[in-house]
Structure formats: structure tokens, C-alpha cells
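**Q** One letter stands for each residue in the lines below.
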Amino acid sequence: MSLKFRLASRNLFHDRLRFVATIVGIIFSIVLVTVQMGLYVGFRRMVTTMIDHSPADLWIIPTGTKCFEDPSLLDDRQRFRALAVNGVAEATPLVIGYAQWRLPGGTTTPVFIVGSELQELGLHPWNLVAGRMDDLSIPGAVAIDQSYFERLGVSGTGENAEIRDQKVQVAAVTKGIRSFTTTPYVFTDLDRARAYTGTSPNKASYLVVRLSPDADAYAVRQELRASLPNVEVLTASEFRNRSRSFWLFGTGAGAALFAGALLGFIVGTVIVAQTLYSSTKDHLNEFATLRAIGSSSTYIYTVIIWQALLNAVIGFCGAAAIGAIVVRMTAESALPIVMTPALTFALFVLTVVMCVASAIAAIVQVMRIDPTLVFTR
Amino acid sequence: MTEPVLEAVDVVQFLGHGAGRVQALKGVSLSLRGGELVLLMGPSGSGKTTLLSVMGCLMTPASGIVRVGGQPIAGTDPEALARLRRDHIGFIFQSYHLFPTLTAEENVRLALDVRGQRSRHTVKAARDVLGMVGLAHKRKSFPLELSGGEQQRVAIARAIVGQTQAILADEPTGALDAENGQAIMTLLAKIAKDQSRAVLVVTHDPRILPFADRIVHIEDGRIVNEESGSPAKRVSMS
Numbered sequence: 001m002s003l004k005f006r007l008a009s010r011n012l013f014h015d016r017l018r019f020v021a022t023i024v025g026i027i028f029s030i031v032l033v034t035v036q037m038g039l040y041v042g043f044r045r046m047v048t049t050m051i052d053h054s055p056a057d058l059w060i061i062p063t064g065t066k067c068f069e070d071p072s073l074l075d076d077r078q079r080f081r082a083l084a085v086n087g088v089a090e091a092t093p094l095v096i097g098y099a100q101w102r103l104p105g106g107t108t109t110p111v112f113i114v115g116s117e118l119q120e121l122g123l124h125p126w127n128l129v130a131g132r133m134d135d136l137s138i139p140g141a142v143a144i145d146q147s148y149f150e151r152l153g154v155s156g157t158g159e160n161a162e163i164r165d166q167k168v169q170v171a172a173v174t175k176g177i178r179s180f181t182t183t184p185y186v187f188t189d190l191d192r193a194r195a196y197t198g199t200s201p202n203k204a205s206y207l208v209v210r211l212s213p214d215a216d217a218y219a220v221r222q223e224l225r226a227s228l229p230n231v232e233v234l235t236a237s238e239f240r241n242r243s244r245s246f247w248l249f250g251t252g253a254g255a256a257l258f259a260g261a262l263l264g265f266i267v268g269t270v271i272v273a274q275t276l277y278s279s280t281k282d283h284l285n286e287f288a289t290l291r292a293i294g295s296s297s298t299y300i301y302t303v304i305i306w307q308a309l310l311n312a313v314i315g316f317c318g319a320a321a322i323g324a325i326v327v328r329m330t331a332e333s334a335l336p337i338v339m340t341p342a343l344t345f346a347l348f349v350l351t352v353v354m355c356v357a358s359a360i361a362a363i364v365q366v367m368r369i370d371p372t373l374v375f376t377r
Numbered sequence: 378m379t380e381p382v383l384e385a386v387d388v389v390q391f392l393g394h395g396a397g398r399v400q401a402l403k404g405v406s407l408s409l410r411g412g413e414l415v416l417l418m419g420p421s422g423s424g425k426t427t428l429l430s431v432m433g434c435l436m437t438p439a440s441g442i443v444r445v446g447g448q449p450i451a452g453t454d455p456e457a458l459a460r461l462r463r464d465h466i467g468f469i470f471q472s473y474h475l476f477p478t479l480t481a482e483e484n485v486r487l488a489l490d491v492r493g494q495r496s497r498h499t500v501k502a503a504r505d506v507l508g509m510v511g512l513a514h515k516r517k518s519f520p521l522e523l524s525g526g527e528q529q530r531v532a533i534a535r536a537i538v539g540q541t542q543a544i545l546a547d548e549p550t551g552a553l554d555a556e557n558g559q560a561i562m563t564l565l566a567k568i569a570k571d572q573s574r575a576v577l578v579v580t581h582d583p584r585i586l587p588f589a590d591r592i593v594h595i596e597d598g599r600i601v602n603e604e605s606g607s608p609a610k611r612v613s614m615s
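Residue numbers (the numbering used here), protein chains in the order written: chain A, 1 to 377; chain B, 378 to 615.
Where hints are given, some of them may not hold.
Said to hold, decoys possible - Just a few of them, taken from the derived set where beta-carbon distance is under 7 Å, the chain B residues facing chain A:
#, residue
1, Arg-463
2, His-474
3, Met-509
4, Gly-511
5, Asp-547
6, Lys-570
What the hints contain is simulated information worked out from the structure, not anything from laboratory work.
Bear in mind the structure is a predicted one, so any value in this text is a computation, not a measurement.
Ideal placement from N, C-alpha and C gives every residue a C-beta, glycine not left out.
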């Protein structure tokens, strides 16, 4: 172990109270950033969950659609025009929209209907834990997520409710299809989705396009754009980005999460800067002695940077442990905090940057050090 | 006569700013040669420590010349001055200035570490000099576990481990009792003689006069008297 590292670590651990206060500050700061960024990642995933689970190569959407949940309508004739384009294998209508779910007791709650032809491409429920896809072909059959049982007043398959005065029966149950808007998703077939949302039989919200295996996606897309008026043709990735952009930045939700993360970063930086500064001040004699016996500035900066890095590593480990608990606790919530390997790595880098940036005040203080201090103290 | 290891020629230095600015050195000249122990004596505020700082390259003089190993230091930037210090000068301080979180051996190794020497050789070198100052058995002790005399011995070991040609000591016996003070001065005199190093000791302590090869008196920023010491007495005491 190098003497610089040894000196840094012993200086750091020497004053245990200050060390503990610093680490608590870093942990608090990084947990705050973790929660905000984890919420951001979770939110980012959830807003595109429907697009992610559709096998579409291209989406045909009404012009100006801001996100998946933005209900406006296409004419059914667009579908036939799309199917006439060379390279389009399938163009399946999808209907979405809000409706009121009437519980057996008479109270109502809003739901978000997602409907497509059961035998076609479309967008179908996944993670079925009860019932089968075929069960949705029964008149009035719907699929809901088990996490919304209480909200929807049901406890499993076979239970009944009403949407738009039409009887519905829970025929299938999913697990983990949660809505970030907290409005439960209700999956059904295309015609009943139209009925539940009050959509005309010749209208659809989107057309989900699958290309022929040998089709040139770019060329097909250009031709679809030329053939279909008042629509936009987006790849899944583009539609995903548009939805994310709207929910994260158009609504200010993302900005709020980033602001919280920034606040955490600033608080952490100030805490670490303050403790490193006061630690350096306490050890000023030692740094002056180092300077007097001929150490370079770089040598002294390295000692301070080592202290900062030690703070970062220990603080990050503590924050990661708490973060893992928070992630586990929120896994089943409406808006889970999500940690990915990339986010974990980014948070570690952020912690290191925060701690090293915090060392600047201490380094500036040492830069001004007068080695003749050794004769006066 | 050998070339001076450290030399100040007609050095002028000011301290403080504005109305508090004082001329601490008023044209001081002093040379240190290998193998001699020089005492710099004078009342408080006479300029002893300022001269030590200037000759130790801790500050550059307002005017005059300071030479280290024959090379003038005029116009040298702080980093280059630090390099000169680590290559040519070892320091000993009244209050030792050991690192409380490092052991005696680590404190000594630090002087080599700042020189970029990080091999196992530094451990051996540190142990050797600690043995030389009689502290081989205390190498794993922390400063707070050592007496004042032992701490000063560690500081001496740190000053000599780098094989610098000059050792500058500021009141090295100031915080020690008579017995420990004598032991420290005996050690410094031995280092000067056996290793041909130039040792400059700033002191108020008349008890250490017998150890000097030369005694320089400074008052009000000027050298007012210079006399030969009595090394024979020193040798007989050791």
C-alpha cells in the first residue's frame, strides 16, 4: 500500500465522528439521487411498456400523436391503403381509450382499454397467470392485471363488472402490467374495445404494421408516408422516444426527477466538500510539513484525492445497499424504482465525481499553504 | 576549504504587509560547509527563523543571493524550490511535526516517498536510520506513543534519510529536557562529523554551545558576531 494512500486513509479514519458524518452525508445524497434516477428509469420503462410489447415494425399513428395514451383516431380505409403498399405483411388496427369500469357495488373507476384482433399481430396481454388468450374470444371477456383486483373490485377470473353499461367478465389475469398513470389496463378484442371506448367500427387508434421478411423498412416507410394522408409512420423506436419525450419532458415529470437528483448531487457535494475542507484545515500542519520536506503539490493533491475517493467508495457501498432495499421494496408498487447495471455504474461514477469535485476546496486551500508554517506552529 | 553546501550572500528579506511590514533580514551573509555544525543564536525577532527559511528555500529573499550546492535560487518557482529542498536539505523542527497517524518508520519513509522512492529499499533505509538514532525497537510506534526525545530522534531520522547535504534545525532541543537535549545535539554533531553534512541549528539554548564548530549571533536582522565553537569539548562529551 502506498504511503500516500496510507496517510489519506488514516487521516480519514482518525476522526471517526467526522468520518461517519461524511459517509452518512454521502449515503443520503446518493440514495436521493438513486431514488430519483431509479424512478426516472422506472418511469421511462413504464411509459413505453405497451410499445415495447407490441411486435410492430412500424406504427401508423394520427398526425400529432404525442404518446401511446393520446387517443385520436385513424380511418379504417387507411388500413387497406397500408396493406396495398409493397412490403407490408400485416396492418392491424389497435384501439385504445379511457372508459369507466363499474364495480358490482355500483361505484366506478377509470380504466384504459387496449383492444386488438386476437388472431392478429396487435397488442395482446402478456404474463398471463390465469386464463388463456383464447378465453378472450368469449363475448365480454377481458384481461386485467392482478395488482388491480382491489381497485376493480374483483378477485380473479370469472368475476363480472360493467363497462359502458355492457357486462364484462374477467377471463384472464396478468402479472406486472402496471400503468404509470395508475389507471388499470383492460385488454380485450378489437370490436369490444371499440364498444367500450365509444369508437366507431370504422375507426382505430393505431395501425400496427409488420413488414414482409425481405422488405426494405426505409422504402416501405417512405411509401406509406406518401400513400396515407394525415398520418405519421414511425418505427417502434421513434414512437417509444416520442412517448418518453412527452411524458418525461412534456409534462415536467422527468424534469422534476432530474431536479431531485441534481439536488441530491449538490447536497452530497457540499457535505463532502465541507468535511474534506475542515479535515484539510485540521491537517494543515502536516501538509505544510510535507511541503517543507520537499513534496510536490501533486503529492499533496494525491493524498486529498485519495481521501475523496475513499469517501466515494465507502459512501457508494452504503448507498448501494440501501438502494437495493428500496428497489426491492418498490418492486410491486405503481411506480417501481428500477436499478440497471448501467445506472449503478453511472451512480458510482457520479459519486466519485462528486467526491473529487468536493476536494477542490481543500486543494485550493492547500495550494495557498505557506511551508514556513512549520516554524510558527 | 570545501565549497559551501548552502550560502546566503547579502540577503534582505521583509515580512508582513502594509503598515505591519518589517525588514527581518538586513543584508545577511552566511555559508554552511559539509562537516560543520553551526549554531545560529539571537534574541526573539532577531531574524533567525527568517534566515533559516530563506536558506532552506522555504522563501525567496527580496534581494541578495542564496545558493544551494553552488546554484543560485533566484527566480525559482515554488515547485522547483520544493525539489531543491528534497534534494539538498533536511529539516528538523522544534515541535517535531511528525504525522500522528503514521508509525515512526512510516514517518521516516515519507521523506523518501516524497522523493518518488517507493521500493522495499525505503523500508530498509528507514530501519537503518532509525537504528542509527537508537529507535530500531520503536519503529512500529506512533508518535503519541513516543517521548519528546524519541519523537525528535524520529524527526532527525526523517531529515537524514534522504542523504541531503544540509540539515537545518529550528530549536531542536527547545521542547526537550536537558538530558534529551544533550542527546539530540550529540546525534546532530555526529551526523555533521561522520557524514560530512552541514548542520545549521537555530537555538536560544546556551547549553548546546559546546557542540558548535561555529556560533553565529544575529540581532535585528544583522549578523553581529561569529566565533569558533569548541568541538573538542563536544567530542569529549560524546
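**Q** Take the hints in turn and mark each one as holding or not.
**A** Checked hints:
{"no.": "1", "hint": "Arg-463", "verdict": "holds (2 Å)"}
{"no.": "2", "hint": "His-474", "verdict": "holds (4 Å)"}
{"no.": "3", "hint": "Met-509", "verdict": "violated (18 Å)"}
{"no.": "4", "hint": "Gly-511", "verdict": "violated (22 Å)"}
{"no.": "5", "hint": "Asp-547", "verdict": "holds (5 Å)"}
{"no.": "6", "hint": "Lys-570", "verdict": "violated (24 Å)"}
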